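Visitor: Make a model of the complete structure from these sequences and hints.
Taken in sequence, the protein lines are chains R, X, V and B. The numbering of the first sequence is the working numbering, which starts it at 1 and goes up by one. The numbering of the second sequence is the working numbering, which starts it at 1001 and goes up by one. The numbering of the third sequence is the working numbering, which starts it at 2001 and goes up by one. The numbering of the fourth sequence is the working numbering, which starts it at 3001 and goes up by one.
These are computed hints drawn from the structure, not numbers from a lab. Everything numeric in this text was worked out from a predicted model, so none of it was measured. Built from N, CA and C at the ideal position, the CB exists for glycine as well. Treat the hints loosely; a few may be bogus.
[To be verified] Quick look at which bits of chain V chain R covers, simulated, 3 or more residues with Cβ under 8 Å:
#, stretch
1, 2023-2030
2, 2049-2063
3, 2131-2138
[As the list claims (entries may be wrong)] Cβ-to-Cβ under 8 Å is the rule here; a few derived chain X residues that face chain V:
#, residue
4, Arg-1012
5, Tyr-1013
6, Gly-1014
7, Val-1029
8, Glu-1032
9, Thr-1036
10, Val-1058
[Stated by the list, open to error] Here are the in silico distance ranges between beta carbons for each label pair:
#, chain 1, residue 1, chain 2, residue 2, range
11, R, Thr-6, V, Pro-2133, 26 to 34 Å
12, R, Arg-70, X, Asp-1134, 52 to 60 Å
13, X, Pro-1108, V, Thr-2008, 44 to 52 Å
Read off the chains here:
4 protein chains.
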Amino acid sequence: MTRRSTSTIRVRYGETDRMGVAYHAHYLVWCEVGRTDLIRSLGPSYAEMEQGGVRLAVAEATVRYRASARYDDLVRIETRLERAQSRAVTFAYRLLREPEESAEGQAPEPALLATATTALLALDPTGRPRVMPDHVRELFRRLA
Amino acid sequence: MTRRSTSTIRVRYGETDRMGVAYHAHYLVWCEVGRTDLIRSLGPSYAEMEQGGVRLAVAEATVRYRASARYDDLVRIETRLERAQSRAVTFAYRLLREPEESAEGQAPEPALLATATTALLALDPTGRPRVMPDHVRELFRRLA
Amino acid sequence: MTRRSTSTIRVRYGETDRMGVAYHAHYLVWCEVGRTDLIRSLGPSYAEMEQGGVRLAVAEATVRYRASARYDDLVRIETRLERAQSRAVTFAYRLLREPEESAEGQAPEPALLATATTALLALDPTGRPRVMPDHVRELFRRLA
Amino acid sequence: MTRRSTSTIRVRYGETDRMGVAYHAHYLVWCEVGRTDLIRSLGPSYAEMEQGGVRLAVAEATVRYRASARYDDLVRIETRLERAQSRAVTFAYRLLREPEESAEGQAPEPALLATATTALLALDPTGRPRVMPDHVRELFRRLA
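Guide: In structure tokens, the structure reads:
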């Protein structure tokens, strides 16, 4: 189990817009890539919860954009679980532009592209909020 | 029931890419908007087929791009059913840039942006090709 | 000039996810549809600002999800300008599921799907924040 | 320089649709990921062509879907240059589901998800087709 996960994606051509930078809505997609990687580390317990019909739906999302991501940029997504409650979990993200290796071999600093948080709510199969199963709550609490 | 349907969409900012034009993959999304409108005209029979577990999945798609769509362009999607078979239906599309009203009140010609076809295959709930129910085949045959 | 704008979109098949509802990142795309319609009402002054190299970039976005939008739902986007400053403007949105006409002719209430805000920052051609031209600031102030 | 390139992507949640599988339009986005990787191997010559105002635009795309990609599937994209002409280049793609490592350590076969081709046309800054610079044509010819 990892308390934080690090994922990387490369900005796709179709993710840019006519300003020449990555369109802002895609940052939420990238956050989900990070969240998926963190949740995968929880192992089979989480998948069993989903098979039992309990799913986590995004209830609130906030993104603060600091710098533009460009086509072909390598973006690092750092994800951590910020808060775990009985019906909800909140994830926090930092998106950074990974510096490409330079010719001189020096390592430039990664640039902060955005910070974000998403709160997810546990829903039963009919879409109503519900308490998460005990063993899943326990998993999330240990991550927080 | 309409033999052809006409739909219109406006190109969204997030659909453009850094070339300043609509990204080519979105044309398939627009074709689906047209197909949905044509299929809606089939009435409840089609929805009943889906509730019965038979769904149509895209098996082949071809797009020929003629001119670029730009941000905020009004795009007209003309959809018709080209061929109906027992397990498959093929739709054909024409995407045109709808001319905006000009100051002089003259009506400029719409510009052809793309033509496309998609072949859809009927699948059972396990994902295997199957024959469409008789009444749906009959509906599609009358459209073709 | 409109102080508020109302736009409508229909949820596309490709906007749903495997939960069967509209994927949460698309709500930001729909907000932009509403913002575009509101800004269009500003007339040529805004377009001239863009041609002069000043553009508005999303600096912060917040979405609160209340109910799920489903495939083929008609979504109404209400947009208003919440705050106008010299370098930034904040827009607020309400997304509602437009009730389809019922057989009995009664008008059901629209359901609130989400509320959102986006703060946009004026950037010069090099990507640095800058003060908006006077006449554009004046336009935004009258909207707020 | 590589005559074929291999790229891998993982299917994102937002790329699925309510059928529970990856939405068909995203396959074109994945093809572009493969094409980008192949073109990157051409080195600075290609980038110089773009800086000189010549760009390649998709003129035709064909996708044949064989099997569904699902959420979190690892997809391998094999890209090769099929044909190089003075004004156009055609790329061919095979998309395969990469088998996850099984518990027994045996290597299951990758499953073919789709084959595709895209023809790209060289355009000058005004959007008109033009002959590619000699050294770029030479690069593409050596790949074909």
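Visitor: Next, verify each hint and record whether it holds.
Guide: Status of the hints after comparison with the structure:
A count of 5 residues in the stretch 2023-2030 of chain V with a Cβ less than 8 Å from any Cβ of chain R is obtained; the coverage claim is therefore met, three being the minimum. Closer than 8 Å: that is the beta-carbon criterion, and the stretch 2049-2063 of chain V has 8 residues meeting it against chain R, so the requirement of 3 holds. For the stretch 2131-2138 of chain V, the assignment as covered by chain R is violated, since 0 residues bring a beta-carbon within under 8 Å of that chain's beta-carbons and 3 are needed. With its C-beta approaching chain V no nearer than about 6 Å, X:Arg-1012 sits inside the 8 Å limit, and its interface hint holds.
Because the smallest distance between the Cβ of X:Tyr-1013 and any Cβ of chain V comes to about 5 Å, under 8 Å, the interface hint for this residue holds. The beta carbon of X:Gly-1014 is positioned within 8 Å of a beta carbon in chain V (closest approach about 5 Å), and the interface hint is therefore held. Taken as an interface hint, X:Val-1029 checks out: its beta carbon lies about 5 Å from the nearest beta carbon of chain V, inside 8 Å. Residue-level restraint check for X:Glu-1032 holds (minimum Cβ-Cβ distance to chain V is 5 Å; threshold 8 Å).
The beta carbon of X:Thr-1036 is positioned within 8 Å of a beta carbon in chain V (closest approach about 7 Å), and the interface hint is therefore held. Below 8 Å, beta-carbon pairs count as interface contacts, and X:Val-1058 has none with chain V, the closest being about 10 Å; its hint is therefore violated. As the Cβ distance of R:Thr-6 to V:Pro-2133 is approximately 42 Å, the hint placing it in 26 to 34 Å is violated. For the pair R:Arg-70 and X:Asp-1134, the beta carbons lie near 54 Å from each other, so the given range of 52 to 60 Å is met.
Our hint of 44 to 52 Å for X:Pro-1108 and V:Thr-2008 is violated, since their Cβ atoms are close to 26 Å apart.
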